[in-house]
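J.: If you want the building blocks of each chain, they are given just below.
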Amino acid sequence: MYKIAICDDEPAICNMIQNVIIDHYEKTDKKIETSVFYSGEKLIESLNKRHTCDLLFLDIELYKISGLVVGEKIRKEYNLESMHIVFISGKTKYHHEVFKIRPLDFIDKPIDKKEVIECINYAMKLDGKTTGTFTFKYNREIYKIPVENIIYIESINKTLHIYCIDGVRKMYGTLKEVAKKLSKYNFVKTHRSYIVNIKMVEVFKSDKLVMSDGSSIPISRTQKYKIHETQNQLQGRIQ
Amino acid sequence: MILTSYDLVYMLSFIFGVYILYRFMGIFFNRKKVNKKIELISYFIYYILAVTISIFINIPIIMTIFNLISIFILSYNYTGSINRRLVSVVNIYIVLMISELLAGFIIGLEGIDFSAFEINQYNSIVGVVLSRVISFAGVLIYESYKNIKTGVHIPISKWICIFLIPSSSIYIILIVFSTEGIVFYNKMLITGILLFINFATFYLYDVVSENMMNKIEKAVAEEQNRYYEKQFHTMKNSIDQMDTLRHDFKNHIETLKQLVTIDEKDKAINHMLKISETSLKKNDIYVDTGNVVIDSIINFKINEAEKFSIKCNTKIILPWDLKLNSFEMTAILGNLMDNAIEANKKINEEKRQINFTMKYDRGRLFIRISNPYNQKILKDKNTKKLLTTKKDNSNHGKGISSIKNIVEKNDGLIDIDYDNNIFQVRITLFYNKFIKKKENE
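Quick mapping for you: the protein sequence lines, in order, are chains A and B. In terms of our numbering, the first sequence has 14 at position 14, counting the first letter as 1, and numbering is strictly consecutive. In terms of our numbering, the second sequence has 1174 at position 174, counting the first letter as 1, and numbering is strictly consecutive.
It should be emphasised that the hints constitute simulated quantities derived from the structure, not laboratory data. Keep in mind that the hints are not guaranteed to be accurate.
Using 27 angstroms as the maximum straight-line C-alpha spacing, the simulated DSS-like pairs for lysine-lysine come out as follows [what the hints assert, rightly or not]:
no. : chain 1 : residue 1 : chain 2 : residue 2
1   : B       : 1236      : A       : 109
2   : A       : 114       : B       : 1036
3   : B       : 1274      : A       : 114
4   : A       : 91        : B       : 1345
5   : B       : 1158      : A       : 113
6   : A       : 224       : B       : 1230
7   : B       : 1311      : A       : 226
8   : B       : 1359      : B       : 1311
9   : B       : 1032      : A       : 113
10  : B       : 1230      : B       : 1158
11  : B       : 1345      : B       : 1307
12  : A       : 76        : A       : 226
13  : B       : 1230      : A       : 100
14  : A       : 226       : B       : 1315
15  : A       : 76        : B       : 1037
16  : A       : 224       : B       : 1409
17  : A       : 224       : B       : 1187
18  : B       : 1236      : A       : 208
19  : B       : 1359      : A       : 109
20  : A       : 91        : B       : 1036
21  : B       : 1158      : A       : 93
22  : B       : 1404      : A       : 91
23  : B       : 1036      : B       : 1404
24  : A       : 100       : A       : 31
25  : A       : 208       : B       : 1359
26  : A       : 226       : B       : 1236
27  : A       : 224       : A       : 205
28  : B       : 1158      : B       : 1218
29  : A       : 226       : B       : 1274
30  : A       : 205       : B       : 1323
31  : B       : 1037      : A       : 224
32  : A       : 93        : B       : 1345
33  : B       : 1032      : B       : 1307
34  : B       : 1274      : A       : 113
35  : A       : 76        : A       : 30
36  : A       : 91        : B       : 1236
37  : B       : 1230      : A       : 91
38  : A       : 226       : B       : 1230
39  : A       : 113       : B       : 1250
40  : B       : 1036      : B       : 1230
Here the structure is a predicted model, which means the values were calculated and not measured.
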């Protein structure tokens, strides 16, 4: 079940997006659940009840609480780092603060049906790669953690330190093996002692990555081209 | 054969000599993309060979030829055109050679009178050390010329002058010292004058490079002004349109009110449809990100493209307040769009199209442009430069190479591919490198 939420203070827009989704996915085997919120407050109320979604269409110019504030709350207060956010906007001028929320994309009004579908397909394509379980042993105990919680992995003296949203875990093993296992989930080896979850990158610099927890991960010269090149290919739904 | 103390000093001082050569190379070439291992090994081999030849053979003309060839081969550690290599090799060599001669004069090798073709008999420990010091001073002088490395293309006529002066100097020195009957102080004077001429030439080379760069900058700035002017008109038009719209709306609402009061539903709906068809359709502004630099370039170029009935699809997502270096952005986007327009002109009208995407995401700026093409894109195997069938061949290649220069200078990435008749350029720039530093602008 893929959960999509739509938040716009114009009911017409919400209905339109919802109809587009229903019409399009009725015929496919993909199961999609949609929920609609007519204000930022309603959405926050729902988030407080721990209702979440995989993809959110969020109006920037919401009445009272703006889409920007809602987006900031989602990332910082609720720590919903892996929720995809697509902004809906009447203008094509965006303030740089909006980009800090790491939006998946932007669609402008009047809304183009094709764009809505493209965004959903792109989000689902990315999610197919980023959700899964990572299993490892440490001190005779078996651990299972969701890969989407991992921020990065560092190798220190033959021990791998797994930095997750909720703390650090350890395991024995080589970075090479782990990198091989995680590569399909959009993890990249940036350096001989680091593997990084690309989704958790806050800022890309040419020689290092700043992660969502604030740590700075170096990129080795040999990996530089590979990392940024694949990123450029992944970027955006327009080919 | 036993090595004399002179040989030992020579070997030691030559390590410094190789270092000086390395510094020289750094003046002429960009050391950014160098394979350091190969570089080190190549200099080491040069050192071994040079020391061996000078100890066992030591005939001036052979040393000259050996050094010229070696320096030329060493220059292949770095990227650059053949013209640049030749100028650098002769320039470096003339400085090294004259330094040695000057050292000879200073320590007073009275009656120095060697032949270029016989074994050199003059071995002086002080001289050999002194010559290294002088050539190091030469490096320092050259390093103060800042425009050499910029890689600006210098016209061939100017290049010939710059190349001929040092290379003929080498010849003159060899002849002067092989000719009998020229008095010592004359030889000293000739060498001194030649050294001066070479430094002066090099100074001119620096100035020429700077001028060429200014010329290019000026051209880009003029281009930019045209974009801005056009953008200004586009914006003014759209404001005028808004004014008319506002004025019309009063009348429209009045009409609608009338129609609704007399219960003419169909007519009212018809009227509304008419309004949305005429007044609310998109106006002349194609791209409206609020980022003046981007909007003005792209709108100008879309306008150009439409003159040739090229369909432009753009998707630009970036913060309107993103601080961009307008000069570099104009050069990149202007050239990209120009190339795409040129390529489209050569294909059937119904197939003409340009897809342009620009997206800011987490510290990076992605630029992607693609267009169909129907021509042989020639890729010069040696220089990996793209050539096209455009008449002004050199000019077109420069477009791509100037984009490449800017991208590489800013530590960004560029990828050009062309299959299935689609030409595509993808560029990644980093905000911290490319944009932020220009915040004061």
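J.: Against each hint, give a clear statement of whether it holds in the structure.
T.: Evaluation of the provided hints:
1. 1236/B with 109/A: OK: residue 1236/B and residue 109/A at ~23 angstroms, within 27 angstroms.
2. 114/A with 1036/B: violated, 51 angstroms
3. 1274/B with 114/A: holds, 26 angstroms
4. 91/A with 1345/B: violated, 33 angstroms
5. 1158/B with 113/A: Violated, because 60 angstroms separates the two Cα atoms, which is more than 27 angstroms.
6. 224/A with 1230/B: Given pair residue 224/A, residue 1230/B is violated - Cα atoms ~39 angstroms apart, limit 27 angstroms.
7. 1311/B with 226/A: With Cα atoms ~33 angstroms apart, residue 1311/B and residue 226/A exceed 27 angstroms; violated.
8. 1359/B with 1311/B: holds, 20 angstroms
9. 1032/B with 113/A: Violated. Residue 1032/B to residue 113/A sits at ~48 angstroms, over the 27 angstroms cutoff.
10. 1230/B with 1158/B: Roughly 37 angstroms between the alpha carbons, so the hint for residue 1230/B and residue 1158/B is violated.
11. 1345/B with 1307/B: Given that 27 angstroms is the threshold and the Cα spacing comes to 10 angstroms, the pair holds.
12. 76/A with 226/A: violated, 30 angstroms
13. 1230/B with 100/A: violated, 32 angstroms
14. 226/A with 1315/B: At roughly 25 angstroms apart (the allowed maximum being 27 angstroms), residue 1315/B and residue 226/A satisfy the hint.
15. 76/A with 1037/B: Distance of about 46 angstroms is beyond 27 angstroms: violated.
16. 224/A with 1409/B: holds, 15 angstroms
17. 224/A with 1187/B: Status violated; Cα separation ~55 angstroms.
18. 1236/B with 208/A: Measuring from Cα to Cα gives roughly 43 angstroms; hence the hint is violated.
19. 1359/B with 109/A: Roughly 19 angstroms separates the two Cα atoms, so the pair holds.
20. 91/A with 1036/B: Roughly 50 angstroms between the alpha carbons, so the hint for residue 91/A and residue 1036/B is violated.
21. 1158/B with 93/A: violated, 49 angstroms
22. 1404/B with 91/A: violated, 33 angstroms
23. 1036/B with 1404/B: holds, 23 angstroms
24. 100/A with 31/A: Violated, at about 31 angstroms.
25. 208/A with 1359/B: holds, 20 angstroms
26. 226/A with 1236/B: violated, 45 angstroms
27. 224/A with 205/A: With Cα atoms ~10 angstroms apart, residue 224/A and residue 205/A stay inside 27 angstroms; holds.
28. 1158/B with 1218/B: Given pair residue 1158/B, residue 1218/B holds - Cα atoms ~21 angstroms apart, limit 27 angstroms.
29. 226/A with 1274/B: violated, 54 angstroms
30. 205/A with 1323/B: The given pair, whose Cα atoms are some 16 angstroms apart, holds under the 27 angstroms limit.
31. 1037/B with 224/A: Roughly 19 angstroms between the alpha carbons, so the hint for residue 1037/B and residue 224/A holds.
32. 93/A with 1345/B: Violated - the C-alpha atoms of residue 1345/B and residue 93/A are around 32 angstroms apart, more than 27 angstroms.
33. 1032/B with 1307/B: violated, 42 angstroms
34. 1274/B with 113/A: holds, 23 angstroms
35. 76/A with 30/A: violated, 31 angstroms
36. 91/A with 1236/B: Measuring from Cα to Cα gives roughly 18 angstroms; hence the hint holds.
37. 1230/B with 91/A: Holds - the C-alpha atoms of residue 91/A and residue 1230/B are around 22 angstroms apart, at most 27 angstroms.
38. 226/A with 1230/B: With Cα atoms ~40 angstroms apart, residue 226/A and residue 1230/B exceed 27 angstroms; violated.
39. 113/A with 1250/B: violated, 32 angstroms
40. 1036/B with 1230/B: violated, 49 angstroms
Taken one by one, the earlier hints fail for this structure at numbers 2, 4, 5, 6, 7, 9, 10, 12, 13, 15, 17, 18, 20, 21, 22, 24, 26, 29, 32, 33, 35, 38, 39, 40, listed in ascending order.
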